[in-house]
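A.B. asks: Residue strings, one per chain:
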Amino acid sequence: MSDSKVAKDVMIGIFEYPHVPYWFTISQAIRIVKVSFISTKKYPDPLAILVFDEKYNLMGTLSLKDILRGLEPRFLKASDTAQGLKEDESTLSLIWDTLFDKSSKDLAEKPVSEIMVPAKYYVEPADPITKAAYLMVHHDLILLPVLENKKKFVGLVRMIEIFDSISDAILKE
Amino acid sequence: MELIDREDHQKLYFQLYEILKKKIESSEWQIGAQIPTEEDLCKMFNVSRVTVRTAVLELVRQGYLKRQQGKGTFIFRNIGSEGLTMLTSLQEILFEKGFQVTTKVLARSVMMPIGDLNIKLNIPKDKHIIYLKRLFLIGGEPGILQESYIPYHVCPLLLEEDLEHNLLLDLFEKKYGIKFTKVENHIEITFLSADEAQMIGLPEGSPVILLHQYFFSGQTAVMYTRSIKRTDRFKFLINLERKVA
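Chains as they are written, first to last, in this note's numbering: chain A, 1 to 173; chain B, 1 to 245.
Watch out, some of these pointers could steer you wrong.
[Stated by the list, open to error] Incomplete in silico selection of chain B near chain A, CB under 7 Å:
(1) Arg-108
(2) Ser-109
(3) Val-110
(4) Ile-123
(5) Lys-125
(6) Asp-126
(7) His-128
Rather than coming from a laboratory, the hints here were simulated on the basis of the structure.
For clarity, every value in this text was computed on a predicted model and none was experimentally measured.
Idealized CB from N, CA, C, for every residue including glycine.
Can you make the complete structure from the sequences, with help from the hints?
C.D. replies: Take a look at the structure:
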């Protein structure tokens, strides 16, 4: 199929996305979303923030959904151990509304490291894009880091480029 | 002749600006001489007129070049020769003579400006900055805790430098050719937070000196540092101002 295409052929630069260290709070991340995306009307796909450790290693990604999830009052989250009770989602959303001010503002002071999606999976620049596609599909990732020699973060692979390359191969006569 | 590197992710005008600045600072282009026309520069570096114009305008803005209507653009001043004196003064502010200083890098990362950092560095809020946090051991004891913020585009390679064995100011001036022309120092007394206290080895709430430094190269803000210095063991301070040719 798209035989010769490898991760580095389709990766995008890491500076397309805002960077934050893991100790930033959710409210700081929200401000960064506002100034980087909303005020400037720049909407890269997907909208995400990259989270780094103090040695500038990528720790994880933070999507808008992750941020909103991080602001949900704790008891609204599904519990694995709950027995028998089925959530009525519309009721829960109303409860969130009434609690929003006091509860979510407190939660916004948590560090982003608590709500990010950890960067467990990656590809090397020379890995085939099929490997990237597999990892993204099976682990439900919005972005996949490209690391050189398992360490140096050099780029990101997005679903749109992966889809494009694979669809070219499928549609080729 | 140094050429534009099209693989380099720095913008073309910024690369051209750096190349031309070097020619001026190294006196390859002498004060008073006329620089090549826009058209000649386009040909020399294989870049567009817009790129040349932007680079030249920045050099004019920084005082290196002066435009004379109908005549051309001329080298106006050449900064650089006093760099070492100024560097020494800068280092003496923090590290008085007679102590051995070792550096521990606690953090080196990239982040977005928060709070008023974008104002301090005169950059848009959505531009990346390099963040460095270092602890200086003076005579083997924690003496200074310093956080530095540098617009990423000013010196991207800083992220790969050995900052435990090289002085940041040396790297800027000697390796990357970024000359400081002005440093603003603001000093106050502050009290250590719990985190800072742990790193600097004093009880929380202890009074320390807080030094804010704004580093400029021409009109460009190249770095802001926030340094906390313990006052119980070390003396402080000096001066500084560079004369401009």
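A.B. asks: Taking 7 Å as the limit, does the beta-carbon of Asp-126 of chain B come near enough to a beta-carbon in chain A?
C.D. replies: holds, 4 Å
A.B. asks: Quick check on the hint: His-128 of chain B CB to chain A CB, less than 7 Å?
C.D. replies: Holds - the Cβ of His-128 of chain B comes within 7 Å of chain A, reaching about 6 Å at its closest.
A.B. asks: Under 7 Å is the threshold here; is the Cβ of Arg-108 of chain B close enough to any Cβ of chain A for the hint to stand?
C.D. replies: At about 6 Å, which falls below the 7 Å cut-off, the nearest Cβ of chain A leaves the hint on Arg-108 of chain B intact, so it holds.
A.B. asks: Is the interface hint satisfied for Lys-125 of chain B? The criterion is a beta-carbon contact with chain A at less than 7 Å.
C.D. replies: holds, 4 Å
A.B. asks: Using 7 Å as the Cβ threshold, decide whether Val-110 of chain B counts as touching chain A.
C.D. replies: Where the cut-off is 7 Å and the nearest Cβ of chain A is about 4 Å from Val-110 of chain B, the hint holds.
A.B. asks: Identify whether the interface hint at Ser-109 of chain B stands, where standing means a beta carbon of chain A within less than 7 Å of its own.
C.D. replies: It holds, given that the least Cβ distance between Ser-109 of chain B and chain A is near 5 Å, below 7 Å.
A.B. asks: Is the interface hint for Ile-123 of chain B satisfied, with its Cβ closer than 7 Å to some Cβ of chain A?
C.D. replies: violated, 11 Å
In this structure, only the earlier hint numbered 4 is contradicted, and the remaining ones agree with it.
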